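Numbering of the sequence shown is given in our numbering, commencing with residue -9 and proceeding in unit increments.
None of these hints come from the bench; they were simulated from the model.
The structure presented is a predicted model; accordingly, all values stated were derived computationally and were not measured.
Virtual Cβ for every residue (Gly too), placed ideally from N, Cα, C.
Among the hints, erroneous ones may be present.
To be verified - FRET-style restraints, in silico, Cβ to Cβ:
(1) W116 / P17: 50 to 60 angstroms
(2) S90 / L147: 45 to 55 angstroms
(3) A45 / V104: 23 to 33 angstroms
(4) N166 / F24: 18 to 28 angstroms
(5) P100 / H164: 13 to 23 angstroms
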Amino acid sequence: CTNAMLRSVKALFNYAIRIYDIEMRNPCVGIKLFPVDIKLKYIPSEQEITFVRSAFDDEERFLFDFVDQTACRINEALRLKYEDIHEGLVTLWTRKAKNSNLTPRRIPVPDCLVEKKEKGTVFDRWDGLPKFLERHIRRLGLKKWSWHNLRHRRASLWAQEGRTLLEIMQLLGHSNL
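The task is simple: from the sequences and hints, build the whole structure.
This is the structure:
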């Protein structure tokens, strides 16, 4: 955040110096940016996805496919009710902050839900965080990853498809770029 603000101030000075033809040197030129450790998010490969997916039973595969296709958070998936699916859209409910009210976001219905028409909770087998993904990954001897890595994977796939950052931001339910 500090580096972004510093870049903005430098750009503002450069703009003012150029537009108003001011004879001065930008006072921010000598200021160095703060060092930032960049942590790359692990994105499971298509081969890993296929390998892990083949170890699931039908219900586990259904939950996995839903999270993979929608990039929803696992808690959003577990809250999903069939009443939240209508007119080609799925309404997912999430909390933007701890103890805040649930906030809706609407996304297109994924392929895995097209044929499902029932009542109640979609993924009623689990009442807490499902551990089967981590268990299968460990048993198969793969690099450790979790439900959240599927969000990163889907966001990357959307970017490769050519979707804009704004579209990806809205599909992921983020409030700013």
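Structure-based check of all given hints:
At roughly 57 angstroms, the beta-carbon separation of W116 and P17 lies within the given 50 to 60 angstroms, and the hint holds. Between S90 and L147 the beta carbons are some 29 angstroms apart, a value that contradicts the proposed interval 45 to 55 angstroms. For A45 and V104, the Cβ-Cβ distance of about 24 angstroms falls inside the hinted range of 23 to 33 angstroms, so the restraint holds. Roughly 21 angstroms separates the CB atoms of N166 and F24, a value that falls within the hinted 18 to 28 angstroms.
Separation of P100 from H164 is about 19 angstroms and conforms to the stated range, judged on CB atoms against 13 to 23 angstroms.
This entry does not satisfy hint 2, going by the numbered hints stated previously; all others are met.
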